[in-house]
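Peer 1: In order, the protein sequences belong to chains A and B. Each residue of the first sequence is one higher than the one before, starting from 1 at the first, in this note's numbering. Each residue of the second sequence is one higher than the one before, starting from 303 at the first, in this note's numbering.
Calculated from the structure, these hints are not laboratory results. Remember, it's a predicted structure, so these values are computed and weren't measured experimentally. We treat Cβ as the ideally placed atom computed from N, Cα and C, and that holds for glycine. Misleading hints may appear alongside valid ones.
Only part of the chain B face toward chain A is listed, based on derived beta-carbon distances under 10 Å [what the hints assert, rightly or not]:
| id | residue |
| --- | --- |
| 1 | 359 |
| 2 | 378 |
| 3 | 381 |
| 4 | 383 |
| 5 | 387 |
| 6 | 394 |
| 7 | 396 |
| 8 | 397 |
| 9 | 407 |
| 10 | 408 |
| 11 | 410 |
| 12 | 411 |
| 13 | 456 |
| 14 | 459 |
| 15 | 618 |
Within a straight-line C-alpha distance of at most 20 Å, the following computed SDA-like cross-link-like pairs (lysine to any residue) qualify [stated by the list, open to error]:
| id | chain 1 | residue 1 | chain 2 | residue 2 |
| --- | --- | --- | --- | --- |
| 16 | A | 191 | B | 391 |
| 17 | B | 486 | B | 508 |
| 18 | B | 416 | A | 195 |
| 19 | B | 383 | A | 206 |
| 20 | B | 462 | B | 416 |
| 21 | B | 383 | A | 195 |
| 22 | B | 416 | A | 209 |
| 23 | A | 191 | B | 399 |
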Amino acid sequence: MSALTLRARQRLQLAGLLGPVTVFLGIFFLTPLVIMLIYSFLAPGLYGGVVWEFYPHNFGRILGFADPAFEYFDPVYFQIFLNSLRIALTTVVITLLVCYPAAFQIARLPERWKTFCLFLITLPFFASLIVRLFIWVLILKQTGFINQTLMSLGLISEPLDLIYTEGAILLGLVYIFIPFMFLPVYASVEKIDWTLVRASQDLGANGIQTFWRVILPLTLPGILGGSILVFIPSLGNFVVPAVLGGAKVLMLGNLIEQQFLAARNWPFGAALAMLVMAAVLVLLFLYVRFESKSGDDAPLLN
Amino acid sequence: MRESIIRLEGATKRFPLPEGGTITALDAIDLDVARNEFLTLLGPSGCGKTTLLHVISGFVQLDQGKILIDGDDMGTTPPHKRPVNTVFQNYALFPHMSVGDNVGYSLDIAHVGKAERVKRVGEALDLVGLGGYAARMPRQLSGGQQQRVALARAIIARPKLLLLDEPLSALDRNLRQAMQIELKNLQAELGISFIFVTHDQEEALTMSNRVAVLNGGVIQQIDTPRNTYNYPANAFVASFVGASNLFDGEVRRDGDKIVITTPENDTVEAVLRDERSLNGGGKLTAMLRPEQFSLSGTGGADNCAEIDVTVDQIVFIGSTYELLGKTAGGRQINALLSASHQTRIGEIEQSGKARLSYDPAAVHLIPADDAGAAQ
Chain A
1 MSALTLRARQ
11 RLQLAGLLGP
21 VTVFLGIFFL
31 TPLVIMLIYS
41 FLAPGLYGGV
51 VWEFYPHNFG
61 RILGFADPAF
71 EYFDPVYFQI
81 FLNSLRIALT
91 TVVITLLVCY
101 PAAFQIARLP
111 ERWKTFCLFL
121 ITLPFFASLI
131 VRLFIWVLIL
141 KQTGFINQTL
151 MSLGLISEPL
161 DLIYTEGAIL
171 LGLVYIFIPF
181 MFLPVYASVE
191 KIDWTLVRAS
201 QDLGANGIQT
211 FWRVILPLTL
221 PGILGGSILV
231 FIPSLGNFVV
241 PAVLGGAKVL
251 MLGNLIEQQF
261 LAARNWPFGA
271 ALAMLVMAAV
281 LVLLFLYVRF
291 ESKSGDDAPL
301 LN
Chain B
303 MRESIIRLEG
313 ATKRFPLPEG
323 GTITALDAID
333 LDVARNEFLT
343 LLGPSGCGKT
353 TLLHVISGFV
363 QLDQGKILID
373 GDDMGTTPPH
383 KRPVNTVFQN
393 YALFPHMSVG
403 DNVGYSLDIA
413 HVGKAERVKR
423 VGEALDLVGL
433 GGYAARMPRQ
443 LSGGQQQRVA
453 LARAIIARPK
463 LLLLDEPLSA
473 LDRNLRQAMQ
483 IELKNLQAEL
493 GISFIFVTHD
503 QEEALTMSNR
513 VAVLNGGVIQ
523 QIDTPRNTYN
533 YPANAFVASF
543 VGASNLFDGE
553 VRRDGDKIVI
563 TTPENDTVEA
573 VLRDERSLNG
583 GGKLTAMLRP
593 EQFSLSGTGG
603 ADNCAEIDVT
613 VDQIVFIGST
623 YELLGKTAGG
633 RQINALLSAS
643 HQTRIGEIEQ
653 SGKARLSYDP
663 AAVHLIPADD
673 AGAAQ
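Work the whole structure out from these sequences, hints included.
Peer 2: See below:
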């Protein structure tokens, strides 16, 4: 068989392997995205839907260049965006603070305990997200577990405002996303070569110096990976603020949902969604840049 | 005057076993290493040499005994405060730092200024023959080069004592031999005391001023390479350092000689130099190195003793032939025969029998009680 037909066959194989997934992603992922992108530049229809004319004021409403003849700039949207950003970042920080020390503890356990702990971490995935969130409602609500307990102990005289607060949203997000942070962080912690830590101490570094100069840099890929995995879905999260935030705390996910389902302003909802995606893409880009830099085999030997 | 850099007195360390009880990794070790000395710790795996190294570098605390470095008691001093650096077995280079940052790590920790640091990193890399490699990453280097970086990193701060934990075990044979000589030269140049851990006896004999043979957490013998090889203190040292033929048995006097008769009725002649060797109750172990044998009738001293062996195998090694055989009593014999007797060796291969001669005066005698001490 000649080389050409071999290459042709390889190409055919490649097409056979990548073809179905490409078609699937193209139809069910890329196409809706393109539709959203186009809608975000169209005018809203009176009773929902879109009017086919170029209409940049959706973005103007959020970013502040709206023509008052069409739309008003309202800083509240940007405020919600910043608020969501803050909540997502706080979620990342809290999950990291919980998972990082835990990863070290679990990595040190004997093999079968490690496996058991990893099983425990992934256990929540076996139950529906909604069910788990409603259990938090039962725990946090005015007549819920915590308030009942505290009141029957006489520690408080009237129920605390636990649910429908930003704190409740944070709690829910942290609760949901801990596995997403833990697994990448654990993977990088478990990989640490402890002779490197010994080498650092041997060369005169104390525990704190060893942490900053050796342990942290070696686990940074896991930390960044986990942060991205937690940050992105937290930023656009819809279920947690809907269940635990009530009507008091609005996050981007809920705002977008309202535009589509309540306000019937599809283009504006699409514009909001596009901005969220742009923010996430910028972050991902920075992350990829960092990763390729640290893993760069630049000028190889020979 | 002999100046002590490190001194261990009665150093004892026990580790708990998972199934209960303890294992004694170090059993009342006394050790004294002088300034500018190259000491090798030699022993099989599990003999306690790595534990001993960790005791010196500070990663393991002693249960009993004392450790003094340059006169200072280091009992509870943590690793980062000890004037000791280590070259690790797997090099342990920081993968996220360049070669220069690796080498300069200890200086950076000690807040040495950047200009000074760059200068000294350059010098250290020049010293190990890697000048100009500072900007590379460790993964871009070969095993031998990584080894040199680890070495440069460990000596840059001029420790009082350098520990080397089987640093050459991962290198191929030629590179290892080259590095052995280089290490020896480097040590002479730097004037730092080296403690070198290995399980390779050839390495130990080549490089050291003194060799400490460890087994079962006990130092079996600590002496110069030549004395360790020629006059092993017990049967363990005799068999671990170099190949040896051992004959343990009852001693019978025969004029100015003695004859040792093994339980299998093989006899070996020897000359008793020190009456105290017989304190063990009339029993001794005679040791003959393979190269002490020659074929009978091929020259050698007049007053040679002889032993008959049946030949199992003759292996050609180049400059010599190695004869593997058995005595009449069934004891394994290993003899190195000069390749200049080719025709005789051909005859032996034909007949399967050989008569070997040796000089009784050169037979080394090991007191029986010491021989028993080596499990």
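Peer 1: Next, verify each hint and record whether it holds.
Peer 2: We went through each hint and held it up to the structure:
no. : hint           : in the structure
1   : 359            : 6 Å, holds
2   : 378            : 15 Å, violated
3   : 381            : 4 Å, holds
4   : 383            : 8 Å, holds
5   : 387            : 6 Å, holds
6   : 394            : 4 Å, holds
7   : 396            : 6 Å, holds
8   : 397            : 8 Å, holds
9   : 407            : 5 Å, holds
10  : 408            : 4 Å, holds
11  : 410            : 8 Å, holds
12  : 411            : 5 Å, holds
13  : 456            : 8 Å, holds
14  : 459            : 7 Å, holds
15  : 618            : 39 Å, violated
16  : 191/A to 391/B : 18 Å, holds
17  : 486/B to 508/B : 9 Å, holds
18  : 416/B to 195/A : 27 Å, violated
19  : 383/B to 206/A : 8 Å, holds
20  : 462/B to 416/B : 24 Å, violated
21  : 383/B to 195/A : 18 Å, holds
22  : 416/B to 209/A : 18 Å, holds
23  : 191/A to 399/B : 17 Å, holds
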